[in-house]
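Engineer: Each residue of the sequence shown is one higher than the one before, starting from 5 at the first, in our numbering.
If you are wondering where the hints come from, they were derived from the structure by calculation, not from laboratory data. Among the clues, some could well be false.
Here are the simulated distance ranges between beta carbons [stated by the list, open to error]: (1) F27 to L64: 39 to 45 Å; (2) E35 to L64: 25 to 31 Å; (3) G58 to P11: 21 to 27 Å.
Here a beta-carbon is modelled for each residue, glycine too, at the ideal position from N, C-alpha and C.
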Amino acid sequence: MVVVACPHCDEGIELPDTAEGLFECPHCDEEFEWDNQTIQAQDAMVQPRDFWIGLLVPFLAT
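Take these sequences, add in the hints, and give me the full structure.
Structural biologist: This is how it looks when you write it as structure tokens:
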């Protein structure tokens with residue numbers, strides 16, 4: 005299973021690892037498309053928390 009964020013309400017949704025196609029969010033009832041390219045694009049995105057940790061850690065170490 006993979007947990008993805010709904011692009012409309014940002015709530016977490018569990019989908020099978022091999023899921024592809026059009027899905028309806030159980031939280032907001034909006035439809036969104038999910039496929040392997042979406043997975044790769046999400047993996048490539050930098051999360052804001054990761055950015056700040058990477059920025060602050062060198063200063064905390066000194």
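Engineer: A separate judgement is required for each hint: does it hold in the structure or not?
Structural biologist: Evaluated hints:
For the hinted restraint 39 to 45 Å between F27 and L64, the CB-CB distance of approximately 41 Å keeps it satisfied. Take E35 and L64: their Cβ atoms lie about 43 Å apart, and the range 25 to 31 Å is violated. Taking 21 to 27 Å as the suggested C-beta distance range, the pair G58 and P11 conforms, at roughly 25 Å.
When held up to the earlier numbered hints, the structure conflicts with hint 2 and nothing else.
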